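Peer 1: Here is how the chains run, residue by residue.
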Amino acid sequence: MTIWWLVLILAFLAAAFGGFIWIILRLGGGSGKPKSEIETMEGAVKNDVEHIFNEDFREELRNRGRLHFEKIIGENAMFLQQDLRLTTSQLNEYMKTEITSKLREEFEKYEQSIMDAKQLAVESIQKTNAAIDEQREILGQEVQKEIMAEKKQLVQRFEQNMTDIINHYVLAAIGNQIDLNDQLEYILADLEANKQAILEDIAHGA
Amino acid sequence: MAPKTAATAPAFSLPLSVVGPVDLGRMIRELEALDNELLQQELRKDQQVKLPKTSHLLDQTIELNKYDLLKEADRKELKQQLAHLHDSAPTLHISFSADPSPLFIEKIMAWLRKEISPQLLLTIGEQPNIGAGCVVRTTNKYFDFSLRDHFMKQKVLLMESLSGVTRPAPVAAPVAPPAAAVHQKVQA
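Chains A and B supply the protein sequences, listed in that same order. With the first letter of the first sequence counted as 1, position 135 gets the number 134 in numbering that gives the first Met the number 0; the numbers rise by one all the way through. With the first letter of the second sequence counted as 1, position 46 gets the number 45 in numbering that gives the first Met the number 0; the numbers rise by one all the way through.
Keep in mind that the hints were calculated from the coordinates and are not lab data. Keep in mind the model is a prediction, meaning the values are calculated, not measured. Cβ coordinates follow ideal geometry from the N, Cα and C atoms, glycine included. A couple of the hints might just be wrong.
Stated by the list, open to error - One side of the interface only, derived from the structure: several residues of chain B facing chain A at Cβ under 10 Å:
| # | residue |
| --- | --- |
| 1 | ALA97 |
| 2 | LEU102 |
| 3 | PHE103 |
| 4 | LYS106 |
| 5 | SER162 |
Same shape as in the complex, but just chain B (with noise of 0.2 Å):
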């Protein structure tokens, strides 16, 4: 199988279960470890070429964007495309209140993907003040979407319920009672 070329070949696309450049740097190592795996087995001359077992995240990186790990080509491709990605591809950070799930990760990556670009990276962190929500920094741009946020574009709000509650309350006038009731109240 001839190498991918940019112009023939599909753009490289990631899985959703790659998200950050974290996962890129470990899949490139992953490859490291393989070429010098396979090239030992070479060097051994072993009768049959086994592939070492690869983690999930390659495995689906693999058989995404069709490469074959025999090939050293497809794994010479394989790597630069990821180096590439790790060193030039989009990347947002977002912080959410707890530590997100990985299937809650993935939702959120697949609308990225989708809506913003198809090799974007993200870098994930935890704030627990937030409250809820999250807040995402872009290159040159801050977007806080969270509770904390809302609630201190809210707090001209609270305040003016504070100073109903806190201002007394101005006092009636005395009212008569009814004659009628005075009467029954005597009588009483």
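Isolated chain A, as found in the complex (with noise of 0.2 Å):
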């Protein structure tokens, strides 16, 4: 509203400084005419004219066109003036308006971005979480079968070995105990029931 304000008055300060133009100039523009009859009626003219219009005369309209002139000027300065006062305010008002609404536009875009951001570092966190916990629970239970199989494996070495530990355990203990007198009628035994093995040997023997 205020800019169409402003282009109509300078529009309308443009129009009168034209007018004022166009007066001076046919004003002060000459006079072409043969210098025949009309010339001298012309003449006649331009001496009544002149006689009319003379120089004081003329200096006279001047001074009260320069007058008028220097008034409308300083109106219409005057007015400008209030106008580009009234155009600065406005304008300021307009600024401020515009700006603190591009502002809180921005800040919003800002906030909202920021939110958009934390949204999605709060996703990726979760995500994050639900990971480690699959992972998690996916160790746990390899881990488990790992100790399972190395119980199994531990029970199963157990039980073959026992009965080494065991012979081992009873050879020890009473090894010492079993007199060789006593063991004498089982060795005559033995030997007996391998004597014919022995006395091949002894016989084919190197």
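Hints given; two lone chains; assemble the complex.
Peer 2: The structure is reproduced here in structure tokens:
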């Protein structure tokens, strides 16, 4: 609205200025008619005009026009100044409003961006936590499975070696407690049972 | 006394106290020392040839085979016989769990000389880890009569016993007490 007012005022001022220029040119413009009767008449008219519009009158008209022009210029300048002040104040308000709204929009966008980033970060953290929990669950199951396999293997190994352990223990425990004289009968029985094999080996031995 | 030949003389026999090649070697060395001693006495022209004191093993061998050590031919033959046995007599190696007593060895030797060979020699070892029994090694064979071997052969039986002990017992189904017993408990 204010822009249109400003344009209108400037157009009005330009039209007034053009009118004055035209008047001045018309007043100061020369005459080029032939030097005939017309010229004579013109000369007479000219004389009359010069008589009527003599130098003083012209000067007075000029002064009046100048004053009028200055008055109009001054009034228009005053109007222009007022309008400029008004326009400036309106422009200031407009700029304030626009800048405020723009800043608010930008802040809202910035805040929204921050919220989006925050939401993304939270979702990412949640996904990461879920993945970690899943990995932990899988790892726990794997470890449990490994422990069970190890335990089973240990039990199997223990069972396999248990007989050797018992044998070793029994032999170590009772080995020194059996007198050789008590074993003589069994030793001779074993030798008797394998007598033939011993004889054959001695007979065919190197 | 003429030297005994293989055709006329009975087979050379060893006393039970002579067990292994070590004893034979010891007797051979003793005979050599005896030879030297008698030779020295002869060179000194002693009036009375005195036989030096000999070991119990050699005494038993001489007595068993009727040798006279004052005779050089007997000494020579005895030395030959001992050397021959040392090189060619059948030898057994028996390991026991403990160091056997001489009486025990004598009994074993009596059986071996009677049942296997009268000139058999024996080397004795010690393996405490066999527990009881013995391990016999001939020239080409190995006989394990030990308690350890017996246990190893019974390993399957021990495994079965252990499996029976370690296997959890089947869970018995709960049995309802007789109605009379319940009635008595309620009254009590």
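Peer 1: If a hint holds in the structure, say so; if it doesn't, say that too.
Peer 2: Now for the hints, and whether the structure bears them out:
1. ALA97: This interface hint holds because 6 Å falls under the 10 Å limit.
2. LEU102: 8 Å, holds
3. PHE103: With a closest approach of 5 Å, the PHE103 (chain B) hint holds.
4. LYS106: 6 Å, holds
5. SER162: 7 Å, holds
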